[in-house]
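Visitor: Could you fit the two chains together into a complex? Lean on the hints.
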Amino acid sequence: MNLENLSWKIIERPLLPIEGSSVDAFPFLALAALLFLSGCALKNKKLGLRAISQSISFIFFIFAVHRCFGAIRGWIYGIQEIAGNDIGVFYNLLVFVPLVSFSVIFGRVFCGWVCPLGALQELAFRMPVLKKLQVNLSLRAQRLKFIVLAFLFIFTVFLLFKLRPKTFFFVENIAAFWGLCLMLLTLIVAWKPHLDSRLKKIRSLSLILWIGLIIMDVYVTDPWCVLYGNVVDYSSIISLLAVLVSAIFISMPWCRYMCPVGSFLGKMAGVMRLEIRQKIDLSPEKISQLCPVEALGKSSIDRSSCLYCARCIQAKVSEIEES
Amino acid sequence: MFFRALIFFTAFLLACCSYAYAGEWPRFQADNRHTGASSVNFPSKDFQCIWKFRPAEHVFKYKRGSNVWSDSACIANVDGKDVVFIGLYNHNLYAVDAQDGRILWHFITGGRLDSSPCFTMVGGKPVVYIVSADRVLYALDARTGGKIFSYETLEWSYTVSEAVSTSPLVVSINGRAAVIFCIWNNDRAPMNNIQRGELFALDAATGEKIYSKVLSSVPLNSPAFSSIADKPVLFISSTDGRVFGVDARDGSILWEKVLCAQIHSSVSVNIQKDKIQVFVGTGFGNLYALDGHTGNILWAKKFGHAIYSTIAIAGIEGKVFIYFGSQDRNIYCLEAETGKEVWRFKTRDYVTSSCVIAKALNSTVIFAHSLDNNLYCLDALTGSRVWSRDTGKLIWGYYRGHSVNWSSPAVCAVSGRPLLVFPSYDGSVYAFGSSGKSK
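From first to last, the protein sequence lines stand for chains F and G.
The numbering used here applies: residue 38 is where the first sequence begins, and numbers increase by one.
The numbering used here applies: residue 263 is where the second sequence begins, and numbers increase by one.
One thing to keep in mind: the hints can contain errors.
[As the list claims (entries may be wrong)] Taking lysine to aspartate or glutamate and the DMTMM-like style, the derived pairs with C-alpha atoms no more than 20 Å apart in a straight line are: (1) F:Lys203 / G:Glu417; (2) F:Lys83 / F:Glu312; (3) G:Lys307 / G:Asp652; (4) G:Lys471 / G:Glu417; (5) F:Lys169 / F:Glu159; (6) G:Lys608 / G:Glu597; (7) G:Lys564 / F:Glu49; (8) G:Lys519 / F:Glu49; (9) G:Lys475 / F:Glu56; (10) F:Lys203 / G:Asp634; (11) G:Lys519 / F:Glu56; (12) F:Lys199 / G:Asp634; (13) F:Lys203 / G:Asp688; (14) F:Lys203 / G:Asp611; (15) F:Lys80 / F:Glu312; (16) F:Lys199 / G:Asp611; (17) G:Lys563 / F:Glu159.
[As the list claims (entries may be wrong)] Non-contacting residues of chain G with respect to chain F, defined by C-beta distances greater than 10 Å in every case (computed): (18) Asp308; (19) Phe315; (20) Gly373; (21) Ser412; (22) Asn436; (23) Ser489; (24) Ser514; (25) Gln534; (26) Gly577; (27) Ser625; (28) Arg651.
None of these hints come from the bench; they were simulated from the model.
No residue lacks a Cβ here, since even glycine has one placed at the ideal position from N, Cα and C.
Chain G extracted, bound-state conformation (with noise of 0.2 Å):
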């Protein structure tokens, strides 16, 4: 009993410490579920660009299976001042000023970074974790960039491959504050040949390692957190087709789903009462509402393309709805309880990146970044254009069809002002804001 209550209490301190800053976007995707969705209330749809961050250094080179130029940035309070983290292919991670896209520092890793840092408070310490390619995670004081500590998840050799990262989380397990990642490894000697994609957690204050669980041979998206009936649980999909369930406690498998295709879109999670849907999207564009419970299929729909976007989750009078987009050029949305179509935006090319949801002048709002160069902002009710930005061209000449990794956008509230930051692949993070002050 008393244990139990020892997780309630460490559970609703870390829940206190997350929202404790309203309009923050502490990791990938706003929260531990993945539900990219903010309460930050734009005054106005007229959006202007308030700042563009180009960093100096620029890598002319496009690896197979690499970032396009950035991951999603995370928006949070430091000491007062609001700071924008940003892992740059370029192996940095930057924090800017979200008031002016100054550079307050920058810490260079050993290999780039492909996957969102997470932001979170440790012990009255404000600190960043990202997982580089360099199959490190670090742990960074958010004021200044210093390094906490470093956890190495394989040792390097002449044979071992970039580690391909995901964007970390920090939930309470069994009264401890942790910070859970995966990472795929591959060392490529014949002799001692490695594929591993691992589940870690970690003290999240120390680094010490809690426990980690290989739970798959290739690599893994990044993990959402959820409670189900006292337990905590990760949801984890990987890119050979899989969906687990798993015990946050040590790491025990509760449930596996394989689905039809590869997976390259992260897990969401919808609770609703005893319900609890879990969303994952398909290479062949099917998209699946798991039972968080056991993991059988609730609904599953088949759409024109790839689903490589994370599942956008918000709730809008009384009913739920998910958001996301498709390789077939079209952002969807549909009621979360049955997965009948709501509406669609055609663009004019991929939908690769995530939704992200918010209001301006209260109504809600959806912002989504298509391969044709533009930013969206579309009604979250009837689909329709609020309005478009052209956010560049791509800095390389071509792209890998197929490639994962592209960046969303991240909705904060800097000093009450609402703005949203996308870093794109031309090579600058843009900050639109409108004006007047949040709501």
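Chain F with its partners taken away, still in its complex shape (with noise of 0.2 Å):
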């Protein structure tokens, strides 16, 4: 069995064809009904519920159906198409319009409860082989794991330099080009881990030259790609790769750093009507053990970083409000 032709896809027709088409509406009720029984169970602090919607979602949207998650490229193409191709503009904003209205409603469930790259990472950083790697933010620098996070990034250098198309268009490797800036950050704080929370603020950067080369017509690719659509697409592979590695060593690396949608979504924080606040004074020990992303502070939460994974309120440091 070929790469290419690995197929783990179940449904490969449409459930509900809109007009007919191979566009599917089915996905897109299925992240509204995730997106709602997930706020619905964060507000009502049924925390235990995140696992099972973590993994319906993993298993939905990597398992059994196709749907391209780029939610930023598709709310772009999607207002480009509009009176021009209907059944375009359903597809492009099926994936945009629910995670901003819910997360107006719920806040940032998507990220903390729904998102497959985010659980991901998540099983990543808990594997318990790998755990000695995990840099510790707290501590100076561990010089031991930056070697290992270094000899890693080569790794992938020469990895996208292999398999790097001929003509080296940038279009192709955007992907890549992402992770990579993701291994590079993440080798940064395995050296200075008091850079972190200043580092985070690269994630507005990013969002700003996502929508630059989108707007450019630059078809710009995620880590995701090669999950959600089963495709062999060599960036979207070594993106991948680095956001798992980085993700052994760093927890949520993808989302504290680099994510798009989350810094999207992280600058609506102000709109979102659920709201996490933090009740306790904390020690950085306590944070790191805490907060996957570091979004708790010694006082208070830094709202565009979180993810609303609930760990706070579950340890009962934080309190679910709304606003």
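Guide: This is the structure in structure tokens:
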């Protein structure tokens, strides 16, 4: 079995076709339902349901249906197609619209409860065999981990070089470049852990560049293209590897430093009705233990970074409130 | 009975017209079934560039969804002279002397030319048809470039967008030669919004409309044609992931099949005894073989990335093989009957153009272009590389990922000498040939 012939999608036809086309309304409804149920569960503090929601989302979007999750790209393309191609508009906006609407009502439940890439990063960070590689952000430079990571970084660069298209069109390598940037940031944090909070600001730059490239008509790809689309896109494969490797060293690195969708949702923090508020002052050690992206602060939470995973609520450090 | 006999007679005449000149490439992918196969036999496997045609006009502007430089060429014999017809991004249809690459005439349309022209003889007159993004089909005198007629598919308005055109083909409908094409028209007016993927059948001689049929609200791909149990049938894929079997006589839908993803590959048809296979690839890399009678899936196979090329079909040593390229960078050969993979050839970039089949030194070869800037010639049975040629870099700095309008090679015999014509995105049209005369 070749990599190219590998198929992991169970359903190969639209379940609810729009105007009889291959554009399927079912993933849209499934995403909306998952976001709604996750939001309700968070609001009612049924936090045990998070793992169930993540599992359903992971199985459904990766193994069941073909659906691209390029929300930012979809939003820009969808707007361009209004009055030109209604089916295209629906296809391009069917992830973005529920994502934004439910984020306004329930906060970033997509990031904390639904996103399959987030779930994958959590799994990678929790792998018991690799626990020793985790960078402790409350410690100083951890040389050995830095060296291992540097080696993996060089290997990824080598992989990109080996698998690059001959013509080296930039468009084909966007995801890989984003992945390499992520590894570079992880390297920096492994060397100087105290830079973590400053480096989080790069997320905004990632979003601006992302939108800029899409407007310039560059077809941007993501680490998740390979999973959701079931396609052999070398750039996307390299990027996914980079995310998973980084996730072994630092918790949720893609969400922390690079994710354009997360960054976009983070910018909406001010209008989200459901808010997580920190109630207790915490030490840096406690923060890194509790929060996967260290959005918790000494006394208040960084709302633009918070993924709404609700671990701090479970630990009775924060409360969920409606604003 | 008389009516049926008349249909057969006209079909026979049209078939004679199509194959009157051996070694012609009169339309997109050679014939109405889009097989991409030619009987031309190159006398050696050593190919050289014979001529290069580079029109003076350059448009350094790349527009989303538009053709990357040029469409695929069509090649025909016009009054004893072999002519290459080629439409470019700069709105011009060029007629180029196949001997030396000299421009014979050019015709300017109101929009870019994204789809291949089609050549045929109508009433003893050589005619070339082209559909432009200005929403018009043009029928031109192939000798002079003079307009015979034009047909506007949607009236101009301030809110009308550029159309998405397809390559036309000429078939016989009820004893009448008809030019068939699909076009997607869009008027963004809020009160009278139009989004129409429409099939048109016009009288090939006069341009009179025989019928039109709206099949979808999205762009359609180039139609293929075949007869099923005496019934003339058109096979059309739409970009929203559907494949249609349409009665060519009145445009009524015989069957419709929804596949898993968007389709940018035109349908190609294989006929084996009573069996009619319809091949099409999707944006998620699935290749389908559908039953031409019912649209049911005969077999389906998954490949690494989008298949945007039209599937080429060839019968070699009693077996039928299909050839196509994928965005997973491979060129594939499968058995048409079962979908079993025979070989694959790895290139260094997306393969989006369609494969073309010919012979070199009596063995079957395929020609395919990859976005790694190379035109490949591969042995059709083993997939081993015979040669590859650098056909230049993209004229623009970058292209939009998932662009689908990439040109494919075409093969013909010019005064007995085989020629491979490839319009490259470096702004030139290349003609390759090998020494000696065709056998």
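Visitor: Now tell me, hint by hint, if it's right for this structure.
Guide: Hints versus structure:
1. F:Lys203 / G:Glu417: violated, 44 Å
2. F:Lys83 / F:Glu312: Since the Cα atoms of Lys83 of chain F and Glu312 of chain F sit roughly 16 Å apart, the hinted pair holds (cutoff 20 Å).
3. G:Lys307 / G:Asp652: holds, 16 Å
4. G:Lys471 / G:Glu417: holds, 15 Å
5. F:Lys169 / F:Glu159: holds, 16 Å
6. G:Lys608 / G:Glu597: holds, 18 Å
7. G:Lys564 / F:Glu49: holds, 10 Å
8. G:Lys519 / F:Glu49: Distance of about 13 Å is within 20 Å: holds.
9. G:Lys475 / F:Glu56: holds, 17 Å
10. F:Lys203 / G:Asp634: Status holds; Cα separation ~5 Å.
11. G:Lys519 / F:Glu56: Distance ~13 Å between Lys519 of chain G and Glu56 of chain F Cα, so the pair holds.
12. F:Lys199 / G:Asp634: Holds - the C-alpha atoms of Asp634 of chain G and Lys199 of chain F are around 14 Å apart, at most 20 Å.
13. F:Lys203 / G:Asp688: holds, 16 Å
14. F:Lys203 / G:Asp611: holds, 6 Å
15. F:Lys80 / F:Glu312: holds, 10 Å
16. F:Lys199 / G:Asp611: holds, 12 Å
17. G:Lys563 / F:Glu159: violated, 34 Å
18. Asp308: Holds: least Cβ distance 24 Å, greater than 10 Å.
19. Phe315: holds, 23 Å
20. Gly373: holds, 16 Å
21. Ser412: Since the minimum Cβ distance to chain F is about 25 Å, Ser412 of chain G lies beyond 10 Å and the statement holds.
22. Asn436: The claim stands: Asn436 of chain G keeps its Cβ more than 10 Å from every Cβ of chain F (closest is about 29 Å).
23. Ser489: At about 27 Å from chain F, Ser489 of chain G clears the 10 Å cut-off, so the statement holds.
24. Ser514: holds, 16 Å
25. Gln534: Answer for Gln534 of chain G: holds, closest chain F Cβ roughly 25 Å.
26. Gly577: Correct as stated: the minimum Cβ-Cβ distance to chain F is 25 Å, above 10 Å.
27. Ser625: Answer for Ser625 of chain G: holds, closest chain F Cβ roughly 27 Å.
28. Arg651: Holds, because the least Cβ-Cβ distance between Arg651 of chain G and chain F comes to about 14 Å, which exceeds 10 Å.
Going down the numbered hints, you'll see the structure goes against 1, 17, while the others check out.
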